[in-house]
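K.L.:
Here's the letter readout for the chains.
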Amino acid sequence: MTELQEDYPQEGEVRIPSGCAISGIFSRNGKRFGGQDAIRSIAVMHDRSNGLGGGYAGYGIYPEYKDYYAFHVFYYDNDAKNTCEKFFDEHFDVINLSKIPIRKHPRITDEPLIWRYFVTPLPTKLAASQLDEEEYVVRCVIKVNTDIKGAYVFSSGKNMGVFKAVGFPEDVGEFYRLDEYEGYAWTVHGRYPTNTPGWWGGAHPFALLDYTVVHNGEISSYDANRRFIEMFGYRCTLQTDTEVITYMIDYLHRKQCLTLDEVAHVIAAPFWSTIAMMPEERQKEYIYLRNTFASMLITGPFSIILGFNGGLMALNDRLKLRSLVAAEKGDMVYLASEESAIRIVEPDPDRIWYPRGGEPVIVTLSETGKKVVAAESK
Amino acid sequence: MAINYLYPDYEVIRNQQRCINCRVCERQCANEVHRYDEELKMMVSDESKCVNCHRCVALCPTRALKIVKTDNTFKENANWTGEAITDVYRQAGTGGVLLASMGTPKNYPVYWDRMLINASQVTNPSIDPLREPMETTTFLGQKSAKIRRNPDGSINTKTTPQLKLSVPVMFSAMSYGSISYNAHKSLALAAQKLGIFYNTGEGGLHEDFYQYGPNTIVQVASGRFGVHPGYLKAGAAIEIKMGQGAKPGIGGHLPGAKIVGDVSKTRMIPQGTDAISPAPHHDIYSIEDLRQLVFMLKEATNYEKPVIVKIAAVHNVSAIASGVARSGADIIAIDGFRGGTGAAPARTRDNVGIPIELALACVDRRLREEGIRNNVSIVIGGSIRNSADIVKAIALGADAVYVATSALIALGCHLCRTCHLGKCNWGIATQRPDLVKRLNPEVGSERLVNLINAWNHEIKEMMGGMGINSIEALRGNRLMLRGIGLTEKELQILGILHAGE
Amino acid sequence: MKRVYVNEQWCLGCHLCEYFCAFANSGQSDMARALKDAVICPRIKVEEHDGISFAVNCRHCTEPLCVKSCIAGALSVKDGLIVIDQDKCVGCFSCIMSCPFGALMPSDTGVMQKCELCTSNSAGKPACVQGCPNRAIVFEER
Ligand code: SF4
Ligand code: SF4
Ligand code: SF4
Ligand code: SF4
Chain W
1 MTELQEDYPQ EGEVRIPSGC AISGIFSRNG KRFGGQDAIR SIAVMHDRSN
51 GLGGGYAGYG IYPEYKDYYA FHVFYYDNDA KNTCEKFFDE HFDVINLSKI
101 PIRKHPRITD EPLIWRYFVT PLPTKLAASQ LDEEEYVVRC VIKVNTDIKG
151 AYVFSSGKNM GVFKAVGFPE DVGEFYRLDE YEGYAWTVHG RYPTNTPGWW
201 GGAHPFALLD YTVVHNGEIS SYDANRRFIE MFGYRCTLQT DTEVITYMID
251 YLHRKQCLTL DEVAHVIAAP FWSTIAMMPE ERQKEYIYLR NTFASMLITG
301 PFSIILGFNG GLMALNDRLK LRSLVAAEKG DMVYLASEES AIRIVEPDPD
351 RIWYPRGGEP VIVTLSETGK KVVAAESK
Chain P
1 MAINYLYPDY EVIRNQQRCI NCRVCERQCA NEVHRYDEEL KMMVSDESKC
51 VNCHRCVALC PTRALKIVKT DNTFKENANW TGEAITDVYR QAGTGGVLLA
101 SMGTPKNYPV YWDRMLINAS QVTNPSIDPL REPMETTTFL GQKSAKIRRN
151 PDGSINTKTT PQLKLSVPVM FSAMSYGSIS YNAHKSLALA AQKLGIFYNT
201 GEGGLHEDFY QYGPNTIVQV ASGRFGVHPG YLKAGAAIEI KMGQGAKPGI
251 GGHLPGAKIV GDVSKTRMIP QGTDAISPAP HHDIYSIEDL RQLVFMLKEA
301 TNYEKPVIVK IAAVHNVSAI ASGVARSGAD IIAIDGFRGG TGAAPARTRD
351 NVGIPIELAL ACVDRRLREE GIRNNVSIVI GGSIRNSADI VKAIALGADA
401 VYVATSALIA LGCHLCRTCH LGKCNWGIAT QRPDLVKRLN PEVGSERLVN
451 LINAWNHEIK EMMGGMGINS IEALRGNRLM LRGIGLTEKE LQILGILHAG
501 E
Chain R
1 MKRVYVNEQW CLGCHLCEYF CAFANSGQSD MARALKDAVI CPRIKVEEHD
51 GISFAVNCRH CTEPLCVKSC IAGALSVKDG LIVIDQDKCV GCFSCIMSCP
101 FGALMPSDTG VMQKCELCTS NSAGKPACVQ GCPNRAIVFE ER
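Protein chains in written order, with our numbering: chain W, 1 to 378; chain P, 1 to 501; chain R, 1 to 142.
Keep in mind the hints are simulated off the structure, nothing from the lab.
Be aware that a few hints might be false.
[Said to hold, decoys possible] A few chain P positions that, by computed beta-carbon distances, are all more than 10 Å from chain W:
1) 139
2) 162
3) 289
4) 385
5) 443
[Said to hold, decoys possible] Restricting the straight-line Cα-Cα distance to at most 35 Å, the calculated cross-link-like pairs of lysine-lysine (DSBU-like) are:
6) W:320 x P:49
7) W:284 x P:158
8) P:489 x W:320
9) W:370 x W:329
10) P:41 x R:125
11) W:284 x P:41
12) W:284 x P:143
13) P:146 x W:370
14) R:45 x P:66
15) P:66 x R:36
16) W:149 x P:489
17) P:146 x W:284
18) W:370 x W:255
19) P:143 x W:143
20) P:41 x R:36
21) W:86 x W:99
22) P:164 x W:320
23) P:146 x W:66
24) R:2 x P:193
25) W:143 x P:489
26) R:78 x P:423
27) R:78 x P:66
28) W:284 x P:164
29) W:284 x P:489
30) W:66 x W:284
31) P:164 x P:146
32) P:41 x W:371
33) W:31 x W:99
Beta carbons are placed, not taken as given, at the ideal position from N, Cα and C, and that holds for glycine.
Only chain W is shown next, with the shape it has when bound in the complex (with noise of 0.2 Å):
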């Protein structure tokens, strides 16, 4: 773990309890546009944010590298970095490593050292492991952080990349120098811990390949969801909500190959009423998610953004406990926490709706979309 989890407790060794601001900007044609739209929408909501935690999360980033997973990395001295990069070397053929290009910014101190490189699984490392390249991915990336002190990879997708740090969502943008990225999806989380973490990779979206999950809630279910999950082998170092979240939704949708909307039914299940009044098939379908997946159902406040490659999903808990807006203005698709953050990129919308508390807002390219994305990364 980092030296800083030395001093004081950390995330990952108390569990600290935070409400937060989200936003996700999209566009249905694969159109490209830069970050600062995601970092206009999240400053209008600066008052759910403490500064103490703030990220994005970029779709169709890197158009030219897009066959190779994009690691990005802090590092909190040399000698992590090359033990890490030494970890790197001998599993993956490294196309390219740069630091991340960032901006001083008065209000984000003490960063560490930010790396980004492009892999791909080395064929011989890969064939012996005899797991799927993305499972080989999964373990490498676990490996690093829960093995390699003072090393964190905190994003690891192909074609997307997060970007967080410690300190307000807008600033966090300036500093990553979001506005010189172009991507056809961003999401974006301030974060406002009842604690005081300083550590830059506890900030959120949460990542893991090209699943990123920005959240705002706390959920009660945490202990039961992380006990389950971590049966399948993934380990809630965080102790986050978003983390565990993530882990159950890359379970369930790259694992066991359940849809989005499958995946929504599941940790947001509708109540045994609900599913009562279901027609026959549908009933027998829901049912036996929630029976086969009880322990995934997610209970208390959530309002989460998932972005993967091609698209967004949105989802409230049933009850919808905590807000969650959605709009549309021609392809664009905007998901907020409030009305506001939307409002502000984008004044007058085509519609504008509220999503009901269990329903799964699931955006994805269009055909029109994919061409554009497949072509621009040619």
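Here the structure of chain W is known, so what remains is to put chains P and R with the ligands in place on it, guided by the hints.
P.N.:
Okay, now just chains P and R with the ligands, sitting in the frame of chain W:
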């Protein structure tokens, strides 16, 4: 009669100013303690026969009676307590094993009482169960490990058989024979009304009760009393009893006096013979043998019924449970050492086994570490006394709880712990028709339904307080518990933090 | 009309119903005081034979023979309830002879007494039913 050195434990105190000589106590005491003295024109009592069951106390219309512990004492001795001394007198007099009933009365730590439940404040709202849905429906059985899809892409929803409970509580095994027809009927009726299950115990199923099959768990124990294909098919699930918390490692013994009429018919053994179930199942000497019996029972019932394997909480319970979880069983029932019994050697009852809280905590952890927690549901029993115990059990990792002692108390049992004498004044642990009659199943089932409904309300209140609106989000949610006055080691085994942490 | 019905299957022969009846009609507030050293004269009687027992009180028949037989007009039907006017009763025992259930009996003053379902005493509803520990007598509409 030769001197037996025993002084009665209790005194029957009658307030002669209130006694109206109605003789209700006399008629109701099967131990023949009370008697009307024609000459004295007053009631007199022989307290040496009193077992302190409170039947007379409860029915005396003028509340003229009370039973108090005798203050006759031996010379003070912290080592040789009065109890230790009288036990020696008793055995010196009879040469026999001391028999006892119900759960151990010894002062072992009750960990339920050393755990506290969380509630939400500010950062996360509590939920009002009167205004919002609050779900306690629970499914027991194996969970599919891998989603399978039909050719059309829809999910294949076929599962292994499951038990659906409206509340995560079931009535645990008590055989017909050890308890009465009316007690069984009360349990069956209540289980049906509540949408839960009761358990036949090892004495077979009376033909009148086949109608409650959908709410019945039929038990197969080492004596195999009353087991036949019709019986196996009659229930909703089959339980293999490997052990019982009150007497791990030993079998059952129902005295011939209780094997009368329908009991003998249901058990399929001759009237008046002692029903002795052997300590082990003689066809199960290892875990592979258990697996064979599990599949034999599944085969016999067309794979339509979940199989429960009930074990006693003993020292290496987690390793045993891990074996059971891989045996094909759908549900593991673990019975803690404070659990009740109709008759057990007192030394075994009071000294063998471990507390259910610790057993549950280590079994749940072990199964999760091995990634097989979803292969089986865990049901625990052995002195669940109230809804808070249930909430704590579920937060530690149980899927549901078994209750028996609380159910009997609801039926009138006063825990006098003399079930083995067969003269239960409350009509529960007896086969004497005049006593059995005292338990009207209509009244009994109503009281059971009331109890479980009341608990369900309380469970919902506590869940709401934690901001949890569905029982599955409480299961294994150990962060919702904090220990109080526990050592590092105990906390570590329970997997919880101490209050204040 | 709600009447007291007997479920003899559940009667324990404990006789509590008799004592609760006697107390309800004693006009006193403490049972011990009311019944201490008294020979009770309840309006419900437990019949016992050969292990079978049940408690009988007035059935409040729809065609009451006792009312027909009363020579003094002391018995009458009031809203389905068979009531007695003890002032009119001359103690001729005609009702006792005619009641097939033996539900009428002489009181300690010599005139007849009978169960009026606790409508005219302080209990308000059948005290015997309330006091029965096993629901062997019930007060219900059938
Ligand atoms: S039941 Fe009570 S009042 Fe009746 S005889 Fe016994 S002690 Fe006396
Ligand atoms: S044995 Fe029970 S009924 Fe008999 S005197 Fe004792 S307490 Fe009363
Ligand atoms: S009180 Fe009930 S059980 Fe007892 S004698 Fe009367 S009717 Fe029978
Ligand atoms: S209803 Fe009242 S008056 Fe009639 S028998 Fe019962 S207690 Fe006596």
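K.L.:
Sort out whether residue 66 of chain P lies within 35 Å of residue 78 of chain R, counting only the CA atoms.
P.N.:
Distance of about 44 Å is beyond 35 Å: violated.
K.L.:
Does the structure keep residue 164 of chain P and residue 146 of chain P at a Cα separation of 35 Å or less?
P.N.:
holds, 21 Å
K.L.:
Could you grab the alpha-carbon distance between residue 284 of chain W and residue 164 of chain P and see if it respects the 35 Å cut-off?
P.N.:
Distance ~14 Å between residue 284 of chain W and residue 164 of chain P Cα, so the pair holds.
K.L.:
Is the Cα-Cα distance between residue 143 of chain P and residue 143 of chain W 35 Å or less?
P.N.:
holds, 30 Å
K.L.:
Just to be careful, I want the Cα atoms of residue 284 of chain W and residue 41 of chain P compared with a cutoff of 35 Å; is the pair within it?
P.N.:
violated, 72 Å
K.L.:
Quick check for students: does the CB of residue 385 of chain P sit more than 10 Å from each CB in chain W?
P.N.:
holds, 24 Å
K.L.:
Compare the distance between the alpha carbons of residue 41 of chain P and residue 371 of chain W with 35 Å, and conclude whether the hinted pair is satisfied.
P.N.:
Not OK: residue 41 of chain P and residue 371 of chain W at ~106 Å, beyond 35 Å, violated.
K.L.:
When you check the alpha-carbon spacing of residue 78 of chain R and residue 423 of chain P, does it fall within 35 Å?
P.N.:
Roughly 47 Å separates the two Cα atoms, so the pair is violated.
K.L.:
Can you confirm whether the C-alpha distance between residue 370 of chain W and residue 255 of chain W stays at or below 35 Å?
P.N.:
holds, 24 Å
K.L.:
Does residue 193 of chain P lie within 35 Å of residue 2 of chain R when you go C-alpha to C-alpha?
P.N.:
holds, 27 Å
K.L.:
If you draw a straight line from the CA of residue 41 of chain P to the CA of residue 125 of chain R, is it 35 Å or shorter?
P.N.:
holds, 33 Å
K.L.:
When you check the alpha-carbon spacing of residue 489 of chain P and residue 320 of chain W, does it fall within 35 Å?
P.N.:
violated, 40 Å
The structure fails to meet hints 1, 2, 6, 8, 11, 26, 27, 29, 30, 32 from the earlier list, while all remaining hints are met.
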